[in-house]
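Line by line, the protein sequences give chains G and S. Under the working numbering, residue 186 is the last one in the first sequence; the count climbs by one each step, no gaps. Under the working numbering, residue 1136 is the last one in the second sequence; the count climbs by one each step, no gaps.
Check each hint, because a few of them may be wrong.
What the hints assert, rightly or not - Lysine-lysine pairs mimicking DSBU-like chemistry, simulated, CA-CA at most 35 Å apart: (1) K180/G - K75/G; (2) K1052/S - K176/G; (3) K49/G - K1052/S; (4) K158/G - K67/G; (5) K1052/S - K67/G; (6) K158/G - K1030/S; (7) K49/G - K75/G; (8) K180/G - K1052/S; (9) K180/G - K49/G; (10) K1040/S - K1030/S; (11) K67/G - K49/G; (12) K1040/S - K1052/S; (13) K67/G - K176/G; (14) K1040/S - K49/G; (15) K158/G - K49/G; (16) K67/G - K1040/S; (17) K49/G - K176/G; (18) K67/G - K180/G; (19) K158/G - K180/G; (20) K1030/S - K49/G; (21) K75/G - K176/G; (22) K1052/S - K1030/S; (23) K176/G - K158/G; (24) K1052/S - K75/G; (25) K67/G - K1030/S.
The set of hints was computed from the structure by calculation and includes no laboratory data.
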Amino acid sequence: MSEAAKDAPKRAGIWLWLPLALFAGFFVLVMVGLLRPADRDVASAFVGKPLPAFDLRAAIPERPGLKTADFADGKPRLLNVFASWCIPCIAEAPQLDALARAGVEIHGVAIRDRQEDVQRFLAQNGNPYARIGADDMSAVQLAIGSSGVPETFVIDGKGVIRHQHIGDIRVEDIPKLMEKLREAGA
Amino acid sequence: MRALLAFLLMLIAAPLAAQDLLPPAPYAYKQLDDPRQEEKAQALMETLRCLKCQSQSIADSDAPMAGDMRHQVRSRIAAGEEPEEIREWLIERYGDYVTYTPQVRALTLPLFAAPLVFVILAVVLLRRRFRKRRVV
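The task is simple: from the sequences and hints, build the whole structure.
Below is the structure:
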């Protein structure tokens, strides 16, 4: 009984600090949330898996369509998900052109696009694509876990997805993409 | 006068929309003929996240991609797939983020285990309390 009475003031002292400690904890949490907002990109969970089976008709007559087998010839390449109505796709066009000039083969998947729009887009921004498949109902996009345009996937020579780049490719992103292509066996 | 006209035109001008011109997928805005299948599809669509407009479900969103996702869900249901199979198919591609229904994973296990732990704790505490009272 007397021992408990002796302990009481000391224990009360600790409890007294608890609200302040909780407040400090919340404060840190809020500041972290404010200064480093959460990443809203949805990464594909399909990286590391083989491309699902698909066979897309040609988006424009100047380039052949795109099917899964086009990726299984032993050569790593890029799969670029784009659309003529997508503004950041214009921003990444010079970078795609640079990659194509560096010898990287790029296959395009045009999301919900009309032939004349794709043709106009490519006439204005250059055509880095070897093949372009038309994905009218985002079926291939959904099948590979892509959640927007533009997105670029590194596919190895066996047709396995090795890397996903979300958003437009900037100049500073090119070395990383080249590295991922090398890792995939280029 | 010209400036006024230009101003008025500006008011009604639509902003340059980053939106495609293709018509929506067949089942984006069309219900399935079988009301029981449609009910299943609707229930599933309400629990799937629209990836373009991340706090809406695909049932709520008018984003073209949500329409394409509704088309996927409805045509798969019509083909006889179970809603949970379709959910798994999407989780395989987008992770748990795509579904609003919490999945049992190592990370979410405490969420499911906590109520059970509390009930057990309550039973133990109550039993101790009642036993003491009987003794006294």
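### Message
Tell me if the straight-line CA distance from K67/G to K176/G falls inside 35 Å.
### Response
Distance of about 26 Å is within 35 Å: holds.
### Query
Do the alpha carbons of K158/G and K1030/S lie within 35 Å of each other, as the hint requires?
It is violated: about 39 Å lies between the C-alpha atoms, which goes past 35 Å.
#### Entry: Straight-line alpha-carbon gap K158/G to K49/G, limit 35 Å
holds (10 Å)
### Message
For K1040/S and K49/G, compute the direct alpha-carbon distance and say whether it is at most 35 Å.
### Response
holds (30 Å)
### Message
K67/G and K180/G were given as a pair; does the straight-line alpha-carbon distance stay at or below 35 Å?
### Response
At roughly 22 Å apart (the allowed maximum being 35 Å), K180/G and K67/G satisfy the hint.
### Message
Does K1052/S sit within 35 Å of K49/G, going by the straight-line distance between their CA atoms?
### Response
holds (23 Å)
### Message
K67/G and K1040/S were given as a pair; does the straight-line alpha-carbon distance stay at or below 35 Å?
### Response
holds (32 Å)
### Query
Between K158/G and K67/G, does the CA-CA distance stay at or below 35 Å?
Distance of about 13 Å is within 35 Å: holds.
### K1052/S paired with K1030/S [C-alpha distance capped at 35 Å]
holds (21 Å)
#### Entry: 35 Å limit on alpha-carbon distance, applied to hinted pair K1030/S and K49/G
The given pair, whose Cα atoms are some 33 Å apart, holds under the 35 Å limit.
### Query
Does K180/G pair with K49/G here, judged by a C-alpha cut-off of 35 Å?
holds (15 Å)
### Task
Mind checking the alpha carbons of K180/G and K75/G for me, to see if they're no more than 35 Å apart?
Cα-Cα ~13 Å, so holds.
When held up to the earlier numbered hints, the structure conflicts with hint 6 and nothing else.
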